[in-house]
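Enquirer: One letter stands for each residue in the lines below.
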Amino acid sequence: MEFQAIVELVKNKFPQTEIEFEKNLVIAKDDLIPFVEFIRNTPELHIDVLDLLTAADHPAENQIHMVYGFHSYRLAHYLIVKVKLDRKNPSIATLTHWWESANWTEREVYDLMGVNFEGHPDQRRILTPPDFVGHGLRKDYERPGFFVKKPDFK
Amino acid sequence: MSHDTQIKKEPSNLSSKQFRTDSPLIDQIPGRKRQILRESPESELKMEEFLLNVGPQHPSTHGVLRLVVALEGEVIKRCDPDLGYLHRTFEKISESRSYQQIVPFTDRMDYLGSMNANWGVAVAVEKLAKIEVPERAEYLRVIVSELNRIASHLMWMGAFGADIGAVTAFLYGFRERELILDMFEEICGSRLTYGYIRVGGVAEDITPKFDKLVREFLDILPAKLEDYHNLITGNPIFLERTRGVGAITLEEAISYGVTGPMLKACGMPWDLRKEEPYSVYPKFDFDIPVYYNGDCFDRFRVRMDEMVESAKIVIQALDGLPEGDYKVKKLARNIKPPVGDVYVRQEAPRGEYGVYMESDGSTKPNRVKYRTPSFSNLSILPLMTVGWKIADLVAILGSVDIVLGDVDR
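Protein chains in written order, with the working numbering: chain A, 1 to 154; chain B, 1 to 409.
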């Protein structure tokens with residue numbers, strides 16, 4: 001399906017939707033679950049798989065952008081959807097009830113970007129050890145040095 | 001290493017399907033069934049749960065993967081993969097490097113399919129910065145990445161055989177993979193981490209010797225593939241250990257985001273080279289192998305057939321190689337793409353390899369995400385292993401074809 005047709009279809013249902021870089025949809029945070037149900041069940045869209053789930057840090061705008069990639073095997077189109085979250089306390093609904101692939105990818109985003117997924121069944125760190133402090137992909141993450149305090153040679 | 005190049009040419013459309021009709025053995029052996037776990041606590045003999053730690057230093061985990069397995073007797077109740085032992089923060093490092101400097105890191109992610117990993121990043125940068133690549137470079141990219149696919153599958157075949165006790169296959173697979181590594185050494189001087197496909201083209205033009213090596217290799221490949229089929233595909237022990245083992249349905253595979261040969265083994269003939277053609281793939285004639293059982297044996301057959309198809313593409317690309325430049329003549333040292341983002345998807349040996357790249361207008365990307373096929377394919381392992389015996393765990397894990405560098409990044 002052409003992107004313009006998809007935009008019209010989505011905008012009818014979700015008027016708050018914006019377009020970014022002429023190819024991405026930006027939806028409101030609260031619209032995520034109705035949006036997912038809509039794209040899964042609408043025969044014109046027929047989204048089958050959650051292909052990409054990641055996040056990008058934008059400290060200048062004080063935002064974290066969630067990036068979702070939805071793909072339809074039946075109609076062979078691809079949809080990039082973004083949700084902009086507050087950087088201070090990022091939190092969004094989980095998609096694990098719709099796709100199992102959201103499980104590990106959301107764990108990864110939680111681990112590296114510190115986004116909280118409401119309702120995730122098993123939100124643990126996945127790539128870093130359980131006792132790791134901080135979230136590595138945040139722009140302001142600072143690697144702890146080997147010497148926290150400078151050794152005193154006096 | 002010397003090879004007998006005098007073997008008479010076999011028809012190049014050798015496929016596991018044909019082989020299957022030749023071998024009555026395959027149909028005689030029934031696939032194994034998943035064991036149903038006993039639920040009733042009324043029995044006086046209570047079965048205790050036994051936690052087994054597999055890895056991270058276990059040869060059959062293909063790297064550093066740790067699996068915590070809960071057993072009931074010999075049967076797996078739960079399996080919890082523990083990742084991150086090879087997490088090298090490539091996504092973070094990519095944010096502090098210029099666009100050309102990112103490419104060598106991707107070699108280290110999927111080190112068995114480095115060419116494909118390079119290609120994804122190169123295309124992402126080219127799309128962001130709107131760089132046109134010469135046609136010859138696209139052909140060369142197709143040639144090397146398809147050769148890399150053959151090498152990767154040969155390596156996988158050997159390792160999978162070794163996993164389930166057929167060590168001979170390991171030696172055979174490595175023998176032919178060596179020939180491909182020789183070709184890559186000829187064009188880029190490196191045998192594992194190539195960095196050959198770069199932003200704006202490829203690193204070097206191919207040499208006449210490379211052309212000769214590729215043609216020699218493609219001549220002997222069908223005979224070698226038949227050797228593997230005779231050695232492995234009809235082997236009753238191999239069949240007993242793979243038929244029906246670790247089977248998943250298509251719905252499960254799609255829900256978990258499984259791609260590549262694992263998806264094709266579930267009955268979905270989906271291949272990005274065919275369905276969303278990129279580069280010069282529309283010019284070539286090739287098929288997508290597909291099987292319907294979704295078990296370890298079908299994954300094996302898909303990969304064996306993919307090698308044949310890749311060989312077809314390589315010979316077509318080599319014959320139709322256009323003259324011209326192999327890279328963009330003048331490329332800025334510091335690429336400054338406009339603000340925007342791009343998501344590139346390609347078919348790597350293990351499945352769908354995606355690169356999501358965000359540019360903020362400076363010389364460094366704001367965010368790079370590698371959507372690696374091994375990560376998604378591994379995530380279905382807890383589902384696949386439940387109900388199988390502990391000895392099948394190794395076969396199932398091997399059939400996923402993970403590269404831990406690709407999983408942990």
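Think of the hints as simulated: they come from the structure by calculation, not from any bench.
Ideal Cβ positions, reconstructed from N, Cα and C, are used throughout, including at glycine.
A couple of the hints might just be wrong.
What the hints assert, rightly or not - Which residues of chain A face chain B? A partial, calculated answer using Cβ under 10 Å:
no. : residue
1   : Leu-53
2   : His-65
3   : Trp-99
4   : Ala-102
5   : Glu-118
6   : Thr-128
7   : Asp-131
8   : Lys-139
9   : Glu-142
10  : Phe-153
Enquirer: Indicate, hint by hint, whether the structure satisfies it.
Expert: Hints, one by one, checked against the model:
1. At a threshold of 10 Å, the smallest CB-CB gap from A:Leu-53 to chain B is about 9 Å, leaving the interface hint in force.
2. Look at A:His-65: its Cβ gets to within about 8 Å of chain B, closer than 10 Å, so that hint holds up.
3. Evaluation of the A:Trp-99 hint against chain B yields a held restraint, the C-beta minimum of about 6 Å falling below 10 Å.
4. A hinted interface residue such as A:Ala-102 counts as satisfied when its beta carbon comes closer than 10 Å to some beta carbon of chain B; here the least separation is about 9 Å, so the hint holds.
5. The interface hint given for A:Glu-118 is violated, since its Cβ lies 21 Å from the closest Cβ of chain B, which is over the 10 Å cut-off.
6. With its C-beta approaching chain B no nearer than about 6 Å, A:Thr-128 sits inside the 10 Å limit, and its interface hint holds.
7. With a least beta-carbon distance of about 12 Å to chain B, the hint placing A:Asp-131 at the interface is violated under the 10 Å criterion.
8. A distance limit of 10 Å between C-beta atoms decides the matter here; for A:Lys-139 the minimum to chain B is near 8 Å, and the interface restraint holds.
9. At a threshold of 10 Å, the smallest CB-CB gap from A:Glu-142 to chain B is about 12 Å, leaving the interface hint violated.
10. Among the interface hints, the one on A:Phe-153 is violated; its C-beta lies about 32 Å from the nearest C-beta in chain B, farther than the 10 Å criterion.
The structure shown violates the earlier hints numbered 5, 7, 9 and 10.
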